[in-house]
Every structure is written in structure tokens, then in C-alpha cells.
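Trainee: Now for the letters of each chain:
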Amino acid sequence: MNQALFTYLVRLGDNCLILSQRLAEWCGHGPALEEDIALTNVALDLLGHARLWLSYAAEVEGSGRDEDQLAYLRDAGEFQNVLLVEQPNGDFGVTMARQFYFDLWYSLLLRELRTSRDERIAAIAEKAAKEVDYHLQRSTDWVIRLGDGTPESHERMQRALDDLWMYTGELFQMDAPDTELRDRGTGPNLEHLREPWLQHVTKTLSEATLSVPGETWMQRGGKQGVHTENLGYILAEMQFLQRAYPGAQW
Amino acid sequence: MPENEPFEKQPDSLEDRHATDWPLWEIFIRSQNGLAHKHAGSLHAPDAEMALKNARDVYTRRNEGVSIWVVRSSDITASSPGEKEILFEPANNKVYRYPGFYPVPDEVKNL
Amino acid sequence: MTPEEREFQQKIDAGIKVEPKDWMPEAYRKTLIRQISQHAHSEIVGQLPEGNWITRAPTLKRKAILLAKVQDEAGHGLYLYGAAETLGIRRDQMIEDLLAGKAKYSSVFNYPTLTWADMGAIGWLVDGAAIINQIPLCRCSYGPYARGMIRICKEENFHQRQGFDIMFTLTRGTPEQKAMAQDALNRWWWPAVMMHGPSDAESKHSAQSLQWKIKLFSNDELRQKFIDQIAPQAEYLGLTIPDPELKWNPERGHYDFGAIDWDEFHNVIRGNGPCNRDRLRTRKEAHEAGAWVREGAAAYARKRAIREAA
Numbered sequence: 014m015n016q017a018l019f020t021y022l023v024r025l026g027d028n029c030l031i032l033s034q035r036l037a038e039w040c041g042h043g044p045a046l047e048e049d050i051a052l053t054n055v056a057l058d059l060l061g062h063a064r065l066w067l068s069y070a071a072e073v074e075g076s077g078r079d080e081d082q083l084a085y086l087r088d089a090g091e092f093q094n095v096l097l098v099e100q101p102n103g104d105f106g107v108t109m110a111r112q113f114y115f116d117l118w119y120s121l122l123l124r125e126l127r128t129s130r131d132e133r134i135a136a137i138a139e140k141a142a143k144e145v146d147y148h149l150q151r152s153t154d155w156v157i158r159l160g161d162g163t164p165e166s167h168e169r170m171q172r173a174l175d176d177l178w179m180y181t182g183e184l185f186q187m188d189a190p191d192t193e194l195r196d197r198g199t200g201p202n203l204e205h206l207r208e209p210w211l212q213h214v215t216k217t218l219s220e221a222t223l224s225v226p227g228e229t230w231m232q233r234g235g236k237q238g239v240h241t242e243n244l245g246y247i248l249a250e251m252q253f254l255q256r257a258y259p260g261a262q263w
Numbered sequence: 466m467p468e469n470e471p472f473e474k475q476p477d478s479l480e481d482r483h484a485t486d487w488p489l490w491e492i493f494i495r496s497q498n499g500l501a502h503k504h505a506g507s508l509h510a511p512d513a514e515m516a517l518k519n520a521r522d523v524y525t526r527r528n529e530g531v532s533i534w535v536v537r538s539s540d541i542t543a544s545s546p547g548e549k550e551i552l553f554e555p556a557n558n559k560v561y562r563y564p565g566f567y568p569v570p571d572e573v574k575n576l
Numbered sequence: 132m133t134p135e136e137r138e139f140q141q142k143i144d145a146g147i148k149v150e151p152k153d154w155m156p157e158a159y160r161k162t163l164i165r166q167i168s169q170h171a172h173s174e175i176v177g178q179l180p181e182g183n184w185i186t187r188a189p190t191l192k193r194k195a196i197l198l199a200k201v202q203d204e205a206g207h208g209l210y211l212y213g214a215a216e217t218l219g220i221r222r223d224q225m226i227e228d229l230l231a232g233k234a235k236y237s238s239v240f241n242y243p244t245l246t247w248a249d250m251g252a253i254g255w256l257v258d259g260a261a262i263i264n265q266i267p268l269c270r271c272s273y274g275p276y277a278r279g280m281i282r283i284c285k286e287e288n289f290h291q292r293q294g295f296d297i298m299f300t301l302t303r304g305t306p307e308q309k310a311m312a313q314d315a316l317n318r319w320w321w322p323a324v325m326m327h328g329p330s331d332a333e334s335k336h337s338a339q340s341l342q343w344k345i346k347l348f349s350n351d352e353l354r355q356k357f358i359d360q361i362a363p364q365a366e367y368l369g370l371t372i373p374d375p376e377l378k379w380n381p382e383r384g385h386y387d388f389g390a391i392d393w394d395e396f397h398n399v400i401r402g403n404g405p406c407n408r409d410r411l412r413t414r415k416e417a418h419e420a421g422a423w424v425r426e427g428a429a430a431y432a433r434k435r436a437i438r439e440a441a
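Protein chains in written order, with my numbering: chain A, 14 to 263; chain B, 466 to 576; chain C, 132 to 441.
Hint data in this document are derived by calculation from the structure and do not stem from the laboratory.
Note that CB positions come from ideal geometry on N, CA and C, so glycine has one too.
Some clues are possibly wrong.
Said to hold, decoys possible - Derived coverage of chain A by chain B (criterion: at least 3 residues anywhere in the stretch with Cβ under 8 Å from a Cβ of chain B; other residues may be distant):
{"#": "1", "segment": "49-60"}
{"#": "2", "segment": "148-157"}
As the list claims (entries may be wrong) - Here are the computed lysine-lysine pairs in the DSS-like style, where the Cα-Cα straight-line distance is at most 27 Å:
{"#": "3", "chain 1": "B", "residue 1": "Lys518", "chain 2": "A", "residue 2": "Lys140"}
{"#": "4", "chain 1": "B", "residue 1": "Lys549", "chain 2": "C", "residue 2": "Lys142"}
{"#": "5", "chain 1": "B", "residue 1": "Lys518", "chain 2": "B", "residue 2": "Lys503"}
Only chain A is shown next, with the shape it has when bound in the complex (with noise of 0.2 Å):
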């Protein structure tokens, strides 16, 4: 088994599955009713890219396990989804200060693995980036109306920006299966995509009268499996049935 690419694509599937776990707690709970679509829609659509990486995932390992297995019958510490999407929804706009930053920093990766050496990547890719786009052209959206908004609103979007810049650091750190991917063609070198991401973030936030936070000690650790205290709760309520039932058909 080629263990950095398995590495590398469940990571990818993990951060749609996790952050699509995430969006759909606010299905009936949305601001409002328009809203509540749109979100829903986002979250569907990660679960899909989530499907596609996961089971791409179980064929390279090879060992007969599938996008359900993986997704339902790993612990905490076989999960490598990056922090910032396991971090609780909050008000709104701290699920839009969340969904801004992966949205952004999901669609530079998608656009360089469009170009992948592996055809499967390229190909889960170019159909997930056009989704993304339209996502990162909402949430940026967002930022903008409630930074540029009522005071109120402007508050709690720069609280929500500054509250979960600490997360962000880890998007763009290498480590060796990124170093292995990078060097056969296979994937981005992720600390490329942190320039277009920070200018992106700048110009965003400086139209939504928004200020960039400012330098802070950045978290790390969940592509290594080290996760923060709320991942742990969100794998027993989502795994809860099939570790109830084990090796039933749903």
C-alpha cells in the first residue's frame, strides 16, 4: 500500500466529512430560511467530496474497507482533519469565519490538484473545485455584509475571524506525506497556497471593514491525529449506531 497517498486522501476526506458533520447541525436552525438551504447545500456537497476521497482512500489501502468503515469505525486519533473544521458552529458568524477560511484555502488546493500526476485526484478535483468556488463566493459574501453590517454584526464577525485565526497555521504546514505527495507530482507544496490565501483574507476582510488578526502561536496537530476535545463528541454521536450495532446493514 502506497501509505503517504492513503494518508493524504483521507485527510482530505476527513476535513469535508468533519465540516460537513458541522453544517448540518444547523439544518433547521439556519438565520434564516434561505439560509438554511444554502448551508444545507454546502454540507451536502462536502459530504459527496468526503465519499469521494474516502472510498478512493479504501481502494489504495487495499485491505477491503470501505468509505462507511473509514468513516465510521476509526477513533479520534486515526482521524487527520485539520482543527479549524472540528471547532464548534457558534453563532453564525463564526460558522462563516470558519467555512471563509477552509472555503479559500480548499479551493487554492483544489485548483493545484486539478493538475495532479494521480488522474483520480485530478479528476475528484476539477468536479469538487467548481462547488468550492461557489462556496468560497458565499462565504466571502458573508463576511463582507455582516463585517460591513450593523455594529453588532461587525463585532462578532471580527470576533469569530480572530477567534479562529489560530487554526489557521496548520493548513499550510508540510509534513512528510505532503513532502512525498509534493515530490512525485501528486500534490501542492501547501505553504505555496498561504500567499494567495493571506491575500485573499486581506482584501476580503478590508472591504468588509474587517481587520486581519494579528500574529498569534498557531495551533497544530490534528493531521497527526491529535485533536482538539470536540472531535471526540462528534464520533460518538455520528459513529453511535454502528458501534451499537456492529456489522449491521443500514
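Keeping the supplied structure of chain A fixed, place chains B and C upon it in accordance with the hints.
Mentor: What follows is chains B and C alone, placed relative to chain A:
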């Protein structure tokens, strides 16, 4: 607050009363190129851009469209049903606008 | 009847649709607003019992299906509020009425969803009952409502099937899964049967609504149709409908069924169902928590309009 002046001047008094409510938009969707935009329904949105995006999420979840128009409901001027007769009845009296009005001899083709 | 009312009724009898700006009796308008907004509220509150299980769905495929389905319900609520708005009431007003406990919604959503099998039972029974009610409404006399129902019925097509599919899978699964399916049927059967409303003899609005064609079949007719459809499906699944009197009657060409506990029905409507308070509280919290977001976006739109005008 002089800033708010243009908004206060808007004719739609309903919206003044509910300044924080999102206005209603009518959504028109072209289902495929070659067909006209057709009224699909309505939704609420704070501004035109969001109305377009919401329309995409609400009315094209099943691939229903290739193009969307959004129009603020309050910007539509509609004919009144009370005027139906003066508006539309005169057209009924112009039978000569229809081909069936003209007799064509059986022997004549391609007319 | 006034001459206007007579003309209106003739139009309806002739199958001509009523459109928003047409003259209509005040009672027609009011009845429609009540009926359509109740229907819309039911879709919105109806998101909650199922939304409950999205994060716990047992496979990624089931999770995607359930997400899409609950999202459709929000969409259907939106279409229906839109149809009601053409009658001169604002959506915010309707939502305020709902949150203030002044408006009704289908009492079936005041029952809890306790197991995954409830997702099957709701799709199969609750959506099944709803579809039987909704298909005739595609032909109702009010244009915007009829058009909304056509769109809704088209989209709802998969809702009942995915519910049946969940039940089918469970009944072919382990003994625990089969028991889970039977338990869900036991709990959801009577609430679903009551969804068509009180029997014709008791129903307050039936006669006038039938005349106006905003109701096309009586409650009892719709209920019979529902039971006739579901009974053989339950048999196919190998599940027992919790009604010892349920039996095919060859003379009537319909299933006979036992007495409905209308006392429970009225109590749930009055707010004494297991989840009435929770459902409304949840909706209220979402609405209040979203106020600053709606205000923020509205303020931005105003500022921008000013900037563009300048």
C-alpha cells in the same frame, strides 16, 4: 442620521416599517438555452446578489436552470384584473389576425 | 350570495384558476392564508424531528439522503410561504404567529424520533399521508398554491420511497433492526392516520373548502386511501400494523380499521403532545439567534444602495 435618507425616501412604506426584514424577490429561471425565463417562485434576500445565490440554492437543486433573473417584487408593475376587458377583449375582435379567417381553395398548396 | 360571489363561484366551478390580484371573497382569502401557512409551518417544524438524526445517520449514503430530504422540506416551506404572501400577508407575520403559538402545524411533528427506524417510518407513513393530501391540491383553485404543490409533489417523490427503503433494509436485517422497525411503526401509525384531520362529520371547514376547491376530497376519503395503500406494503415488509381491527373488506373494496383516539389528537393540537414545547422553543431560538444576521445583511444592503446612489 442623514445617511439613511435615500432609504427613507423609498416609496414602499411596508419596507420602511420593517427595515430589517429582507425584501421579497421574484425568481425567473431559464431551464435550457432556447427557452424563455419562466417564473419559478419567490424568496427573501437582503440584496440582489444574495437573491441570485439563494435562487440558485432554492430553485435549482435539481438542475432546473441555466440562467436566473431576480426582480424585486415591489418593482413589478402588473395590469389589474379589473381592466381585463379593455386590455384584452379588443384582441378577440380581430379575427383577421388568424390564418383560419382566410378561405383557401383546395387546389392551392403551400399557403 | 352577492353577484360578485356568484361570479366567483361560477369561475371556480368552470375550473378557472384564481390569481393573486383577482377579486375573491374575504373568507376565501382568509381560509387560504390559514391553510397554506399551516402547511408551510408543518414543513418548517417538520424539519426538526428528522434533522435530529442527520448527524447520527448510520452510513454516509443515508446521511446524504436525509440531508437532502430535510433540505427539501425547508424549500417546500419556502414555496408555501411564498404562495401565501401573494394573498397579502408577509412571511415575517406568519412566522411570528407560529412562534407566538397562534398558528397551527401538523401535530404529527410533535412526536419524538427515538430511533433510526423513525426516519423510515416518517418517510413511509408521514410523507405517504402528506402526498395523498397534496396530489389533489395540485388542482386546487388558487393558482400560486396549485403551482407550489406541483413543484412540491415532484420533489417529494423520493421522500416516501427513501423511507420505505429504510424500513425494507431494517426488516431484512438483524432481529434488533426488525424490532426497531416494528416499534417505529407502532408509534407512528396512529399519528399518521390522524394526519388527514378530524372525520368529516366533525370537520369545521370542510364543506365550504370543498365548494371553493381548496380541498378536493374529504378527510375520511383521503384517510381511507392512505390506509388502503399502506396496509399491503406493511404486509410485504412483514410488519404488523398496530390495529387489531384492520381487515380487508371485499364488499367495500377497502380496508376497515379501528376507532381513532381523537382525544389524543385534540390534546396534541392543544399543545399537550410530547414535543410541542420543544419544537416551538427550537424554532424560536433559531429565529432569535438569527436576528442579528438578518439585520446585519439588511444594514449592508441599505449602505450599499446609498453608496451606489451617491
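Trainee: If a hint holds in the structure, say so; if it does not, say that too.
Mentor: So, going through the hints one by one against the coordinates:
1. Under a criterion of three residues with beta carbons nearer than 8 Å to beta carbons of chain B, the stated coverage of the segment 49-60 of chain A is upheld, 3 such residues being counted.
2. Using a Cβ-Cβ cut-off of 8 Å, 3 residues of the segment 148-157 of chain A lie near chain B, which meets the minimum of three, so the contact claim holds.
3. At roughly 20 Å between alpha-carbon atoms, Lys518(B) and Lys140(A) fall within 27 Å of each other, so this suggested pair holds.
4. Using a Cα cut-off of 27 Å, the hinted pair Lys549(B) and Lys142(C) holds, with the two alpha carbons roughly 15 Å apart.
5. Distance restraint check for Lys518(B) and Lys503(B): the Cα-Cα separation of roughly 17 Å lies within the 27 Å cut-off, and the hinted pair is therefore satisfied.
Comparing the model with each numbered hint stated earlier shows that all of them hold.
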